[in-house]
Amino acid sequence: MAQAAKRITREYTEIEANPPQGITIQPIDEDMFKWNIEITGPKESIYAGGTFKLLLTLPTNYPFKPPVLSFQTKIYHPNVTNDDKGSMCLGILRSDQWKPSCKILAVLEMARGLLMEPNPDDAVETSIAEQYKNDKAAFEKTAKAWVKQYAK
Amino acid sequence: MSSDDEFMSDQLSDDQYEDDDYSLGELEEDDDRYLDDVKDEKPSKKAYEVDYKVHSDEQIRAAQQIQIEEVSSILGLPGEQCAILLRFFKWQKDRLIEKYMDTPDEVLEDAGLGPGYEAPAVLEKLKGFSCEICCDDERGLETYAMKCGHRYCADCYRQYIESKIKDEGEASRIECPSEGCSRIVGSKTIDLLVPSEINHRYRELLNRTYVDDKPNLRWCPAPNCEYVVDCAIRPTQLHSIVPTVQCSCSHQFCFGCGYADHLPCPCLLVKKWLKKCEDDSETANWISANTKECPKCVSTIEKNGGCNHMTCRKCKHEFCWVCMGPWQEHGTSWYNCNRFEEKSGSEARDQQAKSRASLERYLHYYNRYDNHDHSAKLDKDLYVKTEKKMTTLQSSSGLSWIEVQYLEAASKVLQQCRQTLKWTYAFAFYLERNNLTYIFEDNQKDLEMAVETLSSLFEMPTDQLANAKKEMMDRTAYVNSRRIILLEDTAKVLAEENWKFTVDLKQ
Ligand SMILES: [Zn+2]
Ligand SMILES: [Zn+2]
Ligand SMILES: [Zn+2]
Ligand SMILES: [Zn+2]
Numbered sequence: 000m001a002q003a004a005k006r007i008t009r010e011y012t013e014i015e016a017n018p019p020q021g022i023t024i025q026p027i028d029e030d031m032f033k034w035n036i037e038i039t040g041p042k043e044s045i046y047a048g049g050t051f052k053l054l055l056t057l058p059t060n061y062p063f064k065p066p067v068l069s070f071q072t073k074i075y076h077p078n079v080t081n082d083d084k085g086s087m088c089l090g091i092l093r094s095d096q097w098k099p100s101c102k103i104l105a106v107l108e109m110a111r112g113l114l115m116e117p118n119p120d121d122a123v124e125t126s127i128a129e130q131y132k133n134d135k136a137a138f139e140k141t142a143k144a145w146v147k148q149y150a151k
Numbered sequence: 000m001s002s003d004d005e006f007m008s009d010q011l012s013d014d015q016y017e018d019d020d021y022s023l024g025e026l027e028e029d030d031d032r033y034l035d036d037v038k039d040e041k042p043s044k045k046a047y048e049v050d051y052k053v054h055s056d057e058q059i060r061a062a063q064q065i066q067i068e069e070v071s072s073i074l075g076l077p078g079e080q081c082a083i084l085l086r087f088f089k090w091q092k093d094r095l096i097e098k099y100m101d102t103p104d105e106v107l108e109d110a111g112l113g114p115g116y117e118a119p120a121v122l123e124k125l126k127g128f129s130c131e132i133c134c135d136d137e138r139g140l141e142t143y144a145m146k147c148g149h150r151y152c153a154d155c156y157r158q159y160i161e162s163k164i165k166d167e168g169e170a171s172r173i174e175c176p177s178e179g180c181s182r183i184v185g186s187k188t189i190d191l192l193v194p195s196e197i198n199h200r201y202r203e204l205l206n207r208t209y210v211d212d213k214p215n216l217r218w219c220p221a222p223n224c225e226y227v228v229d230c231a232i233r234p235t236q237l238h239s240i241v242p243t244v245q246c247s248c249s250h251q252f253c254f255g256c257g258y259a260d261h262l263p264c265p266c267l268l269v270k271k272w273l274k275k276c277e278d279d280s281e282t283a284n285w286i287s288a289n290t291k292e293c294p295k296c297v298s299t300i301e302k303n304g305g306c307n308h309m310t311c312r313k314c315k316h317e318f319c320w321v322c323m324g325p326w327q328e329h330g331t332s333w334y335n336c337n338r339f340e341e342k343s344g345s346e347a348r349d350q351q352a353k354s355r356a357s358l359e360r361y362l363h364y365y366n367r368y369d370n371h372d373h374s375a376k377l378d379k380d381l382y383v384k385t386e387k388k389m390t391t392l393q394s395s396s397g398l399s400w401i402e403v404q405y406l407e408a409a410s411k412v413l414q415q416c417r418q419t420l421k422w423t424y425a426f427a428f429y430l431e432r433n434n435l436t437y438i439f440e441d442n443q444k445d446l447e448m449a450v451e452t453l454s455s456l457f458e459m460p461t462d463q464l465a466n467a468k469k470e471m472m473d474r475t476a477y478v479n480s481r482r483i484i485l486l487e488d489t490a491k492v493l494a495e496e497n498w499k500f501t502v503d504l505k506q
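Residue numbers (numbering that gives the first Met the number 0), protein chains in the order written: chain R, 0 to 151; chain U, 0 to 506.
If you are wondering where the hints come from, they were derived from the structure by calculation, not from laboratory data. Note that the coordinates shown come from a computational prediction; the quantities given were computed from them, not determined experimentally. Honestly, I wouldn't trust all of these hints.
What the hints assert, rightly or not - Computed cross-link-like contacts, SDA-like style, restricted to lysine to any residue with a CA-CA straight-line distance of at most 20 Å:
1. U/Lys165 x R/Thr59
2. R/Lys64 x U/Arg157
3. R/Lys64 x U/Asp135
4. U/Lys92 x U/Glu108
5. R/Lys64 x U/Glu161
6. R/Lys102 x U/Glu178
7. U/Lys187 x U/Arg150
8. R/Lys102 x U/Asp136
9. R/Lys5 x U/Phe128
10. R/Lys102 x U/Asp135
11. R/Lys98 x U/Glu178
12. U/Lys165 x R/Gln96
13. R/Lys64 x U/Glu178
14. R/Lys98 x U/Arg157
15. U/Lys165 x R/Trp97
16. R/Lys64 x U/Glu169
17. R/Lys102 x U/His149
18. R/Lys98 x U/Cys147
19. U/Lys444 x U/Met323
20. R/Lys5 x U/Glu141
21. R/Lys64 x U/Ile197
22. R/Lys5 x U/Glu137
23. R/Lys5 x U/Arg150
24. R/Lys98 x U/Asp154
25. R/Lys98 x U/Asp109
26. R/Lys98 x U/Arg172
27. U/Lys444 x U/Asn479
28. R/Lys5 x U/Cys134
29. R/Lys5 x U/Arg138
30. R/Lys64 x U/Ile183
31. U/Lys388 x U/Gln404
32. R/Lys98 x U/Ile183
33. U/Lys275 x U/Tyr258
34. U/Lys89 x R/Asp95
35. R/Lys64 x U/Gly168
36. R/Lys102 x U/Ser181
37. R/Lys98 x U/Gly148
Go ahead and model the full structure; you've got the sequences and the hints to work with.
And the structure:
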């Protein structure tokens, strides 16, 4: 726990010193194991104009286990569960792919990258992924409507 | 009931069967010393039986050692490296040798055995070192790196490996903790860093991966059982055979899917059926209730044995627990408690009527499936009670212990047959109606009637039971023969792929 805190503080300082584009971070309380995240939809993406609130939760045995990242703002996306949890489970967020040398920043950048380009081959919402692959226009229409409705 | 995922969890994917260079393990005839457990092939194999062997944990270890040594002598590499290579190649020995002959450096690199692998694993203290994982930079910190040079403090390295072994059950594919580095953590590193009990677990897991990687091997799913079953049946054959095996621990299970004995129902139908039952559990719940009303006088009747021949205590009306029809009909040739009567097409015109008809049809089969499941438990309870009473009787009447063994035999057969009957209903649910269906249903009916008769014998008063030994033994033998006939007939048609099912078994 003390070990995790040291590492988390270090990462927080690094991110603050060199803030990534379109991402803001705000630890919820002093022990730093939960962060509020805000990601803006990349300009060139269908999520442009939206601001998405996310919650980052760090496990007590961080960094030996991956962080947990979830969308608090409703989003129409093949890699985010379409329920009140907004869970994500891909790439380095999975414990078999996470390595203790991975960083929170990489997780956040991956999330923003997924707004730029969803990954339908590793989807949690298979029907949305199907639509993304086969009927892009319909996908974009719903995604944009949701941005308007939930992410403004 | 197990979930869908669990059910097929250790099913191997089809692509692993492409290179067909497996024999029955690498445990061939010349390795007879490792095969003392081989079941003798019975002189006349039944159509529903498959060939298999049971191996102990030690035999599995020994089989691995033999292959490691063989590869080691061919490739001229140390045993430990060959073990890593074999695991990396999922024990496809010939493919490994072939590839290694072509491109040795590439093979070694891919398996994490690149240049300089042989150097011993040691901890080092370095000036000005800061651990990237825990951010510790204390002086005198012990550090470790494999040949890839990704160095972390020994504590972090150990914690990483321990969590892989303990939490994720990983062993043969633990990579360097550095992101993007796929060097495999070998046993030298493990020996240096982790405490002995976790090292022990690591060895166990390595042993497990061998079985998991070999399509002809499967761990016995019974809790705490350490035997491995060796059977040549592949997933692509499961539409034509139900490969049922019995472990040395006596547990009977399906080699195809790992589920408990589900003869005569093919794996895919079992999977579909269990899924359906789970999805429809609410609709079906009411019928598994333990009490019903007498169809004649409406007084409440509780079922306490497995037998489905009920007699109302109040009005003495005899009826069948399953279909609630009068019992007299069950003893005659027009017993059709097992058969679902399809309503004529005109009755099911609109959508609502159709869905009601399909629910009724499902409930018909589910009811009977569930009832045999339940009755098997009741039969067992009743046997346990009976055995107790018999023991008391023994001491008062001077009967020897051996003389009540027929009761245990009868109870076992009864439970096995109920298990079979249970799955005949899942089987029948997916069956399309044709001439063969009638043969199946007749077999099912004959077994069911035989089972109910045997089951009812257990409800006799104990003092009478002691005199019913001959009848009990005859009934037991008869029930058993009905089971064999049913399984034999069903398996033959399945092998010829002549059953018509409502779902495609080859999907
Ligand atoms: Zn460290
Ligand atoms: Zn490395
Ligand atoms: Zn066993
Ligand atoms: Zn099976």
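Here is what the structure says about each hint:
Annotation: proposed proximity of U/Lys165 to R/Thr59 holds, straight-line Cα distance about 16 Å (limit 20 Å). Proximity of R/Lys64 to U/Arg157 is assessed by CA-CA distance (about 14 Å); at most 20 Å being required, the pair is judged to hold. For the hint pairing R/Lys64 with U/Asp135, the CA-to-CA distance comes to about 18 Å; that is within 20 Å, so the pair holds. Restraint check for U/Lys92 and U/Glu108: the C-alpha separation of about 18 Å stays at or below 20 Å, so the hint holds.
The straight-line distance between the Cα atoms of R/Lys64 and U/Glu161 is roughly 12 Å, inside the 20 Å bound, and the hint therefore holds. A threshold of 20 Å between alpha carbons decides the hint, and for R/Lys102 with U/Glu178 the separation of about 10 Å falls inside it, so the pair holds. Taking the CA atoms of U/Lys187 and U/Arg150, the gap is about 16 Å. The hint holds against a cut of 20 Å. A threshold of 20 Å between alpha carbons decides the hint, and for R/Lys102 with U/Asp136 the separation of about 19 Å falls inside it, so the pair holds.
For the proposed pair R/Lys5 and U/Phe128, the alpha carbon gap of about 16 Å is at most 20 Å, so the pair holds. In summary, the hint linking R/Lys102 to U/Asp135 is supported, as the alpha carbons are separated by about 16 Å, within the 20 Å threshold. Annotation: proposed proximity of R/Lys98 to U/Glu178 holds, straight-line Cα distance about 6 Å (limit 20 Å). Distance restraint check for U/Lys165 and R/Gln96: the Cα-Cα separation of roughly 16 Å lies within the 20 Å cut-off, and the hinted pair is therefore satisfied.
At most 20 Å may separate the alpha-carbon atoms for a hinted pair to count; R/Lys64 and U/Glu178 meet this at roughly 13 Å. At roughly 13 Å between alpha-carbon atoms, R/Lys98 and U/Arg157 fall within 20 Å of each other, so this suggested pair holds. Distance check on the hinted pair: U/Lys165 and R/Trp97 sit about 16 Å apart at the alpha-carbon level, within 20 Å; holds. The straight-line distance between the Cα atoms of R/Lys64 and U/Glu169 is roughly 14 Å, inside the 20 Å bound, and the hint therefore holds.
A distance of roughly 16 Å separates the Cα atoms of R/Lys102 and U/His149; the hinted pair therefore holds under the 20 Å criterion. Between R/Lys98 and U/Cys147, the direct Cα distance comes to roughly 15 Å. Compliance with the 20 Å bound is thereby established for this hinted pair. Using a Cα cut-off of 20 Å, the hinted pair U/Lys444 and U/Met323 holds, with the two alpha carbons roughly 16 Å apart. The suggested pairing of R/Lys5 with U/Glu141 holds, with an alpha-carbon distance near 19 Å, which does not exceed 20 Å.
A threshold of 20 Å between alpha carbons decides the hint, and for R/Lys64 with U/Ile197 the separation of about 18 Å falls inside it, so the pair holds. Taking the CA atoms of R/Lys5 and U/Glu137, the gap is about 13 Å. The hint holds against a cut of 20 Å. With a CA separation close to 19 Å, the supplied pair R/Lys5 and U/Arg150 stays within the 20 Å bound. With a C-alpha separation of about 15 Å, the suggested pairing of R/Lys98 with U/Asp154 holds against the 20 Å cut-off.
Proximity of R/Lys98 to U/Asp109 is assessed by CA-CA distance (about 19 Å); at most 20 Å being required, the pair is judged to hold. Taking the CA atoms of R/Lys98 and U/Arg172, the gap is about 13 Å. The hint holds against a cut of 20 Å. Between U/Lys444 and U/Asn479 the CA atoms are separated by roughly 14 Å; this keeps the pair inside 20 Å, and the hint holds. Distance restraint check for R/Lys5 and U/Cys134: the Cα-Cα separation of roughly 7 Å lies within the 20 Å cut-off, and the hinted pair is therefore satisfied.
Distance check on the hinted pair: R/Lys5 and U/Arg138 sit about 17 Å apart at the alpha-carbon level, within 20 Å; holds. Using a Cα cut-off of 20 Å, the hinted pair R/Lys64 and U/Ile183 holds, with the two alpha carbons roughly 19 Å apart. Taking the CA atoms of U/Lys388 and U/Gln404, the gap is about 14 Å. The hint holds against a cut of 20 Å. Proposed proximity of R/Lys98 and U/Ile183 is supported: the alpha carbons are some 13 Å apart, at most 20 Å.
Note on U/Lys275 and U/Tyr258: the hinted pairing holds, with a Cα-Cα distance of about 16 Å set against a maximum of 20 Å. As the CA atoms of U/Lys89 and R/Asp95 are separated by approximately 19 Å, the hinted pair is consistent with the 20 Å bound. In summary, the hint linking R/Lys64 to U/Gly168 is supported, as the alpha carbons are separated by about 14 Å, within the 20 Å threshold. For the proposed pair R/Lys102 and U/Ser181, the alpha carbon gap of about 18 Å is at most 20 Å, so the pair holds.
With a C-alpha separation of about 16 Å, the suggested pairing of R/Lys98 with U/Gly148 holds against the 20 Å cut-off.
Checked against the numbered hints above, the structure violates none of them.
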